[in-house]
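Novice: Quick mapping for you: the protein sequence lines, in order, are chains A and B. My numbering puts the first residue of the first sequence at 1, with every later residue one more than the last. My numbering puts the first residue of the second sequence at 1, with every later residue one more than the last.
Just so you know, not all the hints are guaranteed correct.
Copies of one chain are not kept apart here, so a pair can be met inside one copy or by any two copies together.
Unchecked claim - In silico lysine to aspartate or glutamate, EDC-like type, Cα no more than 20 Å apart, as pairs:
1) K95 / E178
2) K195 / E179
3) K95 / E179
Quick caveat, the hints were computed from the structure, so don't treat them as lab data. If you're wondering where the values come from, they're calculated on a predicted model, not measured in any experiment.
2 protein chains.
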Amino acid sequence: MNEQNKEPLLIVGSVAFDSVETPQGKADMALGGSASYASIAASYFAKPQVVGIVGEDFESHHMERLHGHGVDVRGIESVAGRTFHWKGRYHENFKDRDTLETALNVFQHFNPTIPDAYRDTRFVLLGNIDPRLQLSVRRQAKDATLVAMDTMNFWINTERDALQEVLKQVDLLFLNDEEAMQLADEWTVLAAAAKIRQWGPRYIVIKRGEHGAVLFGPDVTLYVPAVLLTRVVDPTGAGDTFAGGFLGHLSRTGSLERANLAAALTWGTVMASFAVEAFSVDGICGLSRHDIDARRNHLIDLVRY
Amino acid sequence: MNEQNKEPLLIVGSVAFDSVETPQGKADMALGGSASYASIAASYFAKPQVVGIVGEDFESHHMERLHGHGVDVRGIESVAGRTFHWKGRYHENFKDRDTLETALNVFQHFNPTIPDAYRDTRFVLLGNIDPRLQLSVRRQAKDATLVAMDTMNFWINTERDALQEVLKQVDLLFLNDEEAMQLADEWTVLAAAAKIRQWGPRYIVIKRGEHGAVLFGPDVTLYVPAVLLTRVVDPTGAGDTFAGGFLGHLSRTGSLERANLAAALTWGTVMASFAVEAFSVDGICGLSRHDIDARRNHLIDLVRY
Numbered sequence: 001m002n003e004q005n006k007e008p009l010l011i012v013g014s015v016a017f018d019s020v021e022t023p024q025g026k027a028d029m030a031l032g033g034s035a036s037y038a039s040i041a042a043s044y045f046a047k048p049q050v051v052g053i054v055g056e057d058f059e060s061h062h063m064e065r066l067h068g069h070g071v072d073v074r075g076i077e078s079v080a081g082r083t084f085h086w087k088g089r090y091h092e093n094f095k096d097r098d099t100l101e102t103a104l105n106v107f108q109h110f111n112p113t114i115p116d117a118y119r120d121t122r123f124v125l126l127g128n129i130d131p132r133l134q135l136s137v138r139r140q141a142k143d144a145t146l147v148a149m150d151t152m153n154f155w156i157n158t159e160r161d162a163l164q165e166v167l168k169q170v171d172l173l174f175l176n177d178e179e180a181m182q183l184a185d186e187w188t189v190l191a192a193a194a195k196i197r198q199w200g201p202r203y204i205v206i207k208r209g210e211h212g213a214v215l216f217g218p219d220v221t222l223y224v225p226a227v228l229l230t231r232v233v234d235p236t237g238a239g240d241t242f243a244g245g246f247l248g249h250l251s252r253t254g255s256l257e258r259a260n261l262a263a264a265l266t267w268g269t270v271m272a273s274f275a276v277e278a279f280s281v282d283g284i285c286g287l288s289r290h291d292i293d294a295r296r297n298h299l300i301d302l303v304r305y
Numbered sequence: 001m002n003e004q005n006k007e008p009l010l011i012v013g014s015v016a017f018d019s020v021e022t023p024q025g026k027a028d029m030a031l032g033g034s035a036s037y038a039s040i041a042a043s044y045f046a047k048p049q050v051v052g053i054v055g056e057d058f059e060s061h062h063m064e065r066l067h068g069h070g071v072d073v074r075g076i077e078s079v080a081g082r083t084f085h086w087k088g089r090y091h092e093n094f095k096d097r098d099t100l101e102t103a104l105n106v107f108q109h110f111n112p113t114i115p116d117a118y119r120d121t122r123f124v125l126l127g128n129i130d131p132r133l134q135l136s137v138r139r140q141a142k143d144a145t146l147v148a149m150d151t152m153n154f155w156i157n158t159e160r161d162a163l164q165e166v167l168k169q170v171d172l173l174f175l176n177d178e179e180a181m182q183l184a185d186e187w188t189v190l191a192a193a194a195k196i197r198q199w200g201p202r203y204i205v206i207k208r209g210e211h212g213a214v215l216f217g218p219d220v221t222l223y224v225p226a227v228l229l230t231r232v233v234d235p236t237g238a239g240d241t242f243a244g245g246f247l248g249h250l251s252r253t254g255s256l257e258r259a260n261l262a263a264a265l266t267w268g269t270v271m272a273s274f275a276v277e278a279f280s281v282d283g284i285c286g287l288s289r290h291d292i293d294a295r296r297n298h299l300i301d302l303v304r305y
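Same shape as in the complex, but just chain A:
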């Protein structure tokens, strides 16, 4: 796709360094954060514009990595101090993980402001950050066509009120199945989605890891299986990548029709499958159109009866 023709997608989230250990190896101080994963994934479909914050240790080659993928980094503020750092270790099943360290660093002073250059952007992703920050950005993005948000169990446990408030004001929510059931206090994803949709978001996309994803919306329910992989290296960022690919496709097409939502689900799924095959953002950098299309064809073939 011609870069000139790409539609913008505003992404607010963390830009971070991750130190991750999995049964397949480890990575130290590697590029991570919800906005990094989401923007690189989205870059194959749209023109991502990132609002984030980094410290002095975020060297130019890191910024270049985002920029090299067509990511508009003008909204990434560089300030004195160190970049957000997360350190974690995955268990052998690649699902459970222990957080060994969370150093918010400059992120604790993050006060996201949408630059003037991004004000007209119609599609907005509030990446997985503090719901109070998501709420602030939501209020700035008055004229957006669609505002989506991602969240996780940490915020459900610690910032429930702010989370409920931002839920009222978004169009689409991403979260995983356990989190959906926890948030809604229900035991099936169907019941959980129905309840959460009453609180605000018209659409809910429930991510189920290696089991795929399901979308609930007005008069539409769609299921996409995950790509079957022989080997997983690092699940970090899979959800952010999914959201980036999904919204990248939506902002490219601008439509919420069933077929387009389904396509968005498949692109999100495909991008997430690349993300987990390597540490950091390595799996989603520098992919060819052919690689991406081939994997999507394989995915669609799984459910072609």
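Dock chain B against the given chain A, drawing on the hints supplied.
Specialist: Coordinates of chain B only, in the frame set by chain A:
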């Protein structure tokens, strides 16, 4: 479908009484066992013939329940003693469960013999029982077109050698994802299925509970999501029901073509969704063609992009 036109499907397995407690309630000494679930599920598609064993406490109304569904019960031997009894309790997540009691009773003397009347049956399901018994039946079913087997972690742990031996001699294996990974000592279902297929079965159907099922075969991989339910009452027998619906469809059509395998997956999935909505076999008894078809249409709609 006209009863006269139904093709036979031979099912060997347990006929039991289950006492089950779940977060939704409990059932005492209710009809259960792999052959009961599988044969009732299969009865909507084929003419099930059951080989099993029961005790004196298996009253005529229980037998009538199977027979009333068109199940050929001539292969169910009645002997002195009590019927196999399993007692268990499910945790709140409906996945983990504790076995409180397993009384094999007459089942410990079970020496399954295919009656002459069933000798020509081309499709055979070796239900989830001791692999040494499965092997014995496999050897008797010399002229079968397709022999499928189900198994579980208990047999992987206790009868590994016999399990490997019967695997060599079957065409299709059903098992759940954790069991597949345990059996193959692999961390993805794709890698597990590839390894296990080298040991014998051309086809593997990996059951993933509320996440659906995936089939691996020569040049074919198919994924079917589970039916989304608002409420689960009792997961007992869901896997047996799945296998019964799947093989019921296959024996009806006699084809292993891609479209037919896909259809079998959907029928198995639909039948399993009814099974978990009630205790014992209550969820799969007396269903109308309309109910079954409507649910299948809903399922297929989930993946109609």
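Novice: Enumerate the violated hints, using their earlier numbering and listing them in ascending order.
Specialist: Going through the list in order, the structure violates no hint and respects every one.
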